[in-house]
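Participant: Assembling the complex is the task here: the two chains are given apart, and the hints tell you how they should meet.
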Amino acid sequence: DSGVTQTPKHLITATGQRVTLRCSPRSGDLSVYWYQQSLDQGLQFLIQYYNGEERAKGNILERFSAQQFPDLHSELNLSSLELGDSALYFCASSRTSGRSRVHEQYFGPGTRLTVT
Amino acid sequence: GIQVEQSPPDLILQEGANSTLRCNFSDSVNNLQWFHQNPWGQLINLFYIPSGTKQNGRLSATTVATERYSLLYISSSQTTDSGVYFCAVERVLTGGGNKLTFGTGTQLKVEL
Numbered sequence: 001d002s003g004v005t006q007t008p009k010h011l012i013t014a015t016g017q018r019v020t021l022r023c024s025p026r027s028g029d030l031s032v033y034w035y036q037q038s039l040d041q042g043l044q045f046l047i048q049y050y051n052g053e054e055r056a057k058g059n060i061l062e063r064f065s066a067q068q069f070p071d072l073h074s075e076l077n078l079s080s081l082e083l084g085d086s087a088l089y090f091c092a093s094s095r096t097s098g099r100s101r102v103h104e105q106y107f108g109p110g111t112r113l114t115v116t
Numbered sequence: 117g118i119q120v121e122q123s124p125p126d127l128i129l130q131e132g133a134n135s136t137l138r139c140n141f142s143d144s145v146n147n148l149q150w151f152h153q154n155p156w157g158q159l160i161n162l163f164y165i166p167s168g169t170k171q172n173g174r175l176s177a178t179t180v181a182t183e184r185y186s187l188l189y190i191s192s193s194q195t196t197d198s199g200v201y202f203c204a205v206e207r208v209l210t211g212g213g214n215k216l217t218f219g220t221g222t223q224l225k226v227e228l
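One line per chain: the protein sequences are A and B, in this order. To convert, note that position 95 of the first sequence is 95 in the working numbering; the numbers rise steadily by one, no gaps. All you need for the working numbering is the position in the second sequence, starting with 1, plus 116.
Next comes chain B alone, as it looks inside the complex (with noise of 0.2 Å):
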């Protein structure tokens, strides 16, 4: 099947500092989505992103379809932003159904 990594694994930023995250995966896909699990376990959808740049406040987004990448650039960090965060992508599968294929995430702390 599909495989996605996501990198760096662990980050911890300053209050106001800026990052990006990178996911590749490695196979064409019809969908790539990015979540951010906050530390009470909740999955909310921060993008919906199969192919060029979306942005929503401080947060952005580019994949880059044909060399099979997406980043997430969070800017001006708040201690609000930690938490994991997953890239997942999905396929229509043979059989007409389809999933999500989920990385192992980056653990995002912020501190003051």
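Looking at chain A on its own, in the form it has when it is part of the complex (with noise of 0.2 Å):
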């Protein structure tokens, strides 16, 4: 157990609906990172915050939004979604600030999106 825990495990929608993905970050980490795992473009880099702040982003799709709230857990919103979109989305947590040196990031368990 990671320690970083997501919400829910599973997912199934139709095309064009909008979902909220929940993670909770280890106890004392406050950047919070969103990764995107699907068959073709592989393990994909989203988007990052630090302490309530974006620090980072990846390949994120304007359709897509995120959000680090004060006790440090964060949401991924997924709006007009579409096939494409179904994937395996993973939240991960580490105690780096991303200003100098990193620290290990923990991966969730993953949220298994289905569009349908």
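I should point out that these hints are in silico values taken from the structure, not numbers from a laboratory. We put the CB at the ideal spot given by N, CA and C, even for glycine. A couple of the hints might just be wrong.
Across the chosen pairs, the derived CB separations fall in these ranges [claimed, not checked]:
(1) B/T210 with A/D1: 33 to 39 Å
(2) B/T210 with A/E62: 20 to 26 Å
(3) A/G52 with B/Y189: 16 to 22 Å
(4) A/L83 with B/A133: 20 to 26 Å
(5) A/Q17 with B/I160: 29 to 35 Å
(6) A/Q17 with B/T182: 46 to 52 Å
(7) B/E183 with A/Q17: 44 to 50 Å
(8) B/Q130 with A/R18: 47 to 53 Å
(9) B/G168 with A/L83: 43 to 49 Å
Facilitator: Here it is as structure tokens:
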């Protein structure tokens, strides 16, 4: 158990819908990261938050957004869903602030999203 | 961006055999991690190894940062070692953030 929790574990929804994925980081970790794993793109970084502020952005679609709350949990919102958004979405956390040295990232169990 | 290549892409072993997985990366990095993704999709941390050598049971890893590669050794393989092994590298970004860039993985199957 990495200490990172994600809900829900599975999500099945229709095209055009909107969903919210939730992540709680390990105790003491201020950085939260979101990654997407799909068959054709592999594991790709989406976005990083540190203590409530966006720190880095990857190949995240405009239809996707995220935020980190004062209690440090994070949510990833996916809207106007398309079939191609079906993937495993991981949240990770670390102690890294990103400004100097980096620390180990620990991954949650993932949310498997199926868009039909 | 930084490129991460893993080899071999697929590997089939008999139980008890040893293997070496390789990860090459195209630029200097602040961090390198090895993960095992089990058949249920869970990503399990194996090593945090930006440089040097570490051992954990039957697994060990070596990163030679100056030559931009890392090796993961699996000894006396067991069927529970099956899954995908990922190497991921990390750099501090210009804007102050950081991210992991993953390789495409090595799919390992250990047979009885």
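Participant: Assuming the hint says 47 to 53 Å, is it satisfied by the Cβ distance from B/Q130 to A/R18 or not?
Facilitator: 49 Å, holds
Participant: Using the beta carbons of B/T210 and A/E62, state whether their distance is inside 20 to 26 Å or not.
Facilitator: 22 Å, holds
Participant: At the C-beta level, are A/Q17 and B/T182 separated by a distance inside 46 to 52 Å?
Facilitator: 50 Å, holds
Participant: Cβ-Cβ distance between A/Q17 and B/I160: within 29 to 35 Å?
Facilitator: Taking Cβ atoms as reference, A/Q17 and B/I160 lie about 32 Å apart, which means the hint holds.
Participant: Between B/G168 and A/L83, does the beta-carbon spacing fit 43 to 49 Å?
Facilitator: Once the Cβ atoms are compared, 45 Å apart, the range 43 to 49 Å for A/L83 and B/G168 holds.
Participant: For the pair A/G52 and B/Y189, does the Cβ-Cβ distance stay inside 16 to 22 Å?
Facilitator: 41 Å, violated
Participant: Does the Cβ distance between B/E183 and A/Q17 fall inside 44 to 50 Å?
Facilitator: 48 Å, holds
Participant: Does the Cβ pair B/T210, A/D1 satisfy 33 to 39 Å?
Facilitator: 35 Å, holds
Participant: Does the hinted range 20 to 26 Å hold for A/L83 and B/A133 at CB?
Facilitator: 40 Å, violated
Violated hints, in rising order: 3, 4; the structure is consistent with all others.
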